[in-house]
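Protein chains: 2
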Amino acid sequence: MEQMPNWLMQRAYMTPHREALRFEGRSWTFRELEQQASRFAKKMVACGITPHARVALLGYSTAEFVQVIYACMQLQLEMVMLNNRLSDEELQYQLEDSEATALLIDARFADRVTHANTWTFARIAQAEETDVTISTTWQKEATMTVMYTSGTTGFPKGVRQTVRNHEASALASALNLGVRPDDVWFCATPIFHISGFSTLTKSLLYGMTVDLYEKFDETEAALSIASGRATMISVVALTLSRILTVMEQRQLTAHPRFVTMLAGGGPIPRTFLERAQALNVPVAQTYGMTETASQTTTLQAEEAFTKLGSAGKPLFFNTVRIDGATKPGEEGEICIQGPHVTPGYIGRFADRSPLNNGWLHSGDIGYIDEDGYLFVVDRRADLIISGGENIYPAQIENVLHSHPAVVEAGVCGVADAQWGQVPAAFVVVKEQVSEEQLRAHCLQKLARYKVPKAFYIVEELPRNGANKLMRRKLIDLQKDSE
Amino acid sequence: MEQMPNWLMQRAYMTPHREALRFEGRSWTFRELEQQASRFAKKMVACGITPHARVALLGYSTAEFVQVIYACMQLQLEMVMLNNRLSDEELQYQLEDSEATALLIDARFADRVTHANTWTFARIAQAEETDVTISTTWQKEATMTVMYTSGTTGFPKGVRQTVRNHEASALASALNLGVRPDDVWFCATPIFHISGFSTLTKSLLYGMTVDLYEKFDETEAALSIASGRATMISVVALTLSRILTVMEQRQLTAHPRFVTMLAGGGPIPRTFLERAQALNVPVAQTYGMTETASQTTTLQAEEAFTKLGSAGKPLFFNTVRIDGATKPGEEGEICIQGPHVTPGYIGRFADRSPLNNGWLHSGDIGYIDEDGYLFVVDRRADLIISGGENIYPAQIENVLHSHPAVVEAGVCGVADAQWGQVPAAFVVVKEQVSEEQLRAHCLQKLARYKVPKAFYIVEELPRNGANKLMRRKLIDLQKDSE
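If you read the protein sequences in the order shown, they are chains A and B.
For the first sequence, my numbering assigns the number 0 to the initial residue and increments by one for each residue that follows.
For the second sequence, my numbering assigns the number 0 to the initial residue and increments by one for each residue that follows.
Treat the hints with care, as some may be off.
The list treats identical chains as interchangeable, and a pair is accepted whether it falls inside one copy or across any two copies.
Here are the computed lysine-lysine pairs in the DSBU-like style, where the Cα-Cα straight-line distance is at most 30 Å [claimed, not checked]:
1) K429 with K452
2) K326 with K42
3) K41 with K326
4) K472 with K452
Treat the hints as calculated values from the structure; they're not laboratory data.
Could you put the whole structure together from the sequences, leaning on the hints where they help?
In structure tokens, the structure reads:
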């Protein structure tokens, strides 16, 4: 089994006095974080949490949460990163499916979910430290995190991300975007998502400062970019646009120290790219997913206009091919290979390999042009991306089907000026039901951002010859019913 | 077997139009180099060189040699990198020990060594291309290069450096010194040494430009540093001082784009560091060797004075310990672990593992201080470092022993203003022999830089109780005989 040094210890050893984390006006060095994490780990052991166990975490993006995550790393725990925007039912499903031995939560979530072995961060902090040896090495194949993704079936799958996956992802990104000892990543994406979490792994591997925010604030982001306090930031189209608006209003441009915005969640519209260019803000668009521990391909900022709509080329260790394509431009399923690809799932899908002949089949449809640039033309299972969050129609349809009045349901994304896309529902009913009743039903079972913004009662749903729902045709029903 | 993308192809795919190589006023992109290399590889196959074979290479640091090296990579050949400064006898030994199936040489060396299957670069270039499939993936455990190092016994050992070794070395350096897409490495160290060769591997992994020089020229180096044409350069104390002298004479300072000098071959004297600081030239001192595919530890430039004489801390993936030391400051053999450490040797030493319980025993003596900084106090086997070249006393002693007049011989390094150190020989003779005769004998069998600068005829050599030569006491005989 291949090993590598414990990242926290190695980083604290290499650059003890370098700034590691900023949060709400405070700042911590790598040595401070490592010492905090080791102490907190010893308290966790006092609370009965044993090294290598699987635990679920639920928190906001705070310095306290980072400390808990790093403490979990010190014990080499498998961290099930729960999305705090999920409904109580969704959370409960993931908790049970993951068979986490404990739930560690920010006290603000204490009433959201139940687990026989629940510990608030604050309660752990009050425990005595139990002596435990923190291993100086980590197994590269060990699972570091588990993140749930809904996939095509509607049943969320717990995706394993190993030490190797996170390492490969961070290293490939460094070779692509560059890395300098004085980099600072402005992190306002939730750290329970791979985008935010990968900022933490980059921090440890690069020796990079993370400037962490509990909530996204476009003014803070704009000022950081303009002042050079931040050198990198992850965005989606929505947050990018909001930052640019502030910069335009205040007549700010990017500081020369600012390196790039890393933009995920689908192509950035040309008008946004033009606005960014006018403010000297480079935008590198990327294609990634939970199963690939972040970026698989990234488009260099200077190619944003020449390859408009493209997600770029694979990072150094990665390979991408289009299933069945025999020449450039042919569409097919995007398949991915590389050390950043998950080895598999936990829970209900533990037996299901994500790989087919060594390739991850993404479920997304795309093509590679004659210059080798990837274009994603259709997200898997008609994925809806709303304000950077992935929404799977199948999950919402399942919830609608569970309503007694509903016979059939189909969900698709519709354009929205604020969120990019929002879900809309089309239902065939057997008895009268109001939009409000359907909405209330969904609110009970789904994260708020997944609740359809509109409900349409229709005669029948569009299906193909094999009787398969054609979600892309749902949008036509919207016009009919208006 | 773990695989990764073919570096040349992946780099040419990712950044085809980026400048890859500069040499004598010409310039090549990554795509051009990859295409050249593939064509040259096909010609090599026409000359009977088969993929995965072991070949020996003898050349100067030229664009042509880089093309040959990259062509060898395309065929996944094991490249035995011969040192062009060696004597004919030394070269012949390495050729035979390595059992290379072919010798590829710059025509200027055509009369230096003999091998039944010798091809000048120019002759291969005239061959027809034979169709061969260039593999798009590489095995990470495959041997990429073999470099001979003399070690303690006086018999040169062929050290294997795998794809993984070179990759790990380049990645760890990137995390330490940083890497940006517009980096340019001024390379005037020979590419048959790991220092120069690692510039090529960095180029492919980082997408970095190599500005290559056949001979070191301090004026070129100084102007490149001052103009920002180069951002990195590898030096030893000697070349560092020569560059600084030019910069001082011409009143040049380092351009803000210039990142650092990477200084190997032993600690840099304080006066040199002070001169560098005055010219804004950061100097990162490093401890590395052939067996570790370049750097193991590196001292940050900003710590040069606070940790004067130190070789710094391990790079991210590496671990260093002092054999037998129980507390900071205790001296012992420096032991090294990490993915950059050679898996072993070829030829006469193929059965000999370089590892002991998983650790490479460097043969060098050092200590780690209370802050974790490594200090190398004594190079293995009284290693002499002369102008950046390693010289092993045992090898020179073996040559002297082969002279009929010599009974006993001992060699040590003596300080030299120009080269840092030069070898001096102490011999006990049984019949009269002149210094000129001994020098002529050495010149026949040794690289010029290894030939002792002084020969002292003495009564007896200093030996310890076990009759082991105490080379460190030889220097006292010098005083006696003057």
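Hint-by-hint comparison with the structure:
Taking the closest pair of Cα atoms, K429 and K452 come within 30 Å of each other only inside a single copy of the chain (22 Å); across copies the shortest separation is 102 Å, beyond that limit. In this assembly of identical chains, the alpha carbons of K326 and K42 lie at most 30 Å apart only when taken from different copies (28 Å versus 58 Å within one copy). Taking identical chains as interchangeable, the C-alpha atoms of K41 and K326 lie at most 30 Å apart only when they sit on different chains, with a minimum of 25 Å there against 57 Å within one chain. When the C-alpha separation of K472 and K452 is checked against a cutoff of 30 Å, the pair qualifies only within one copy, where the shortest distance is 18 Å, while the shortest distance between copies is 87 Å.
Violated hints: none; the structure is consistent with every hint.
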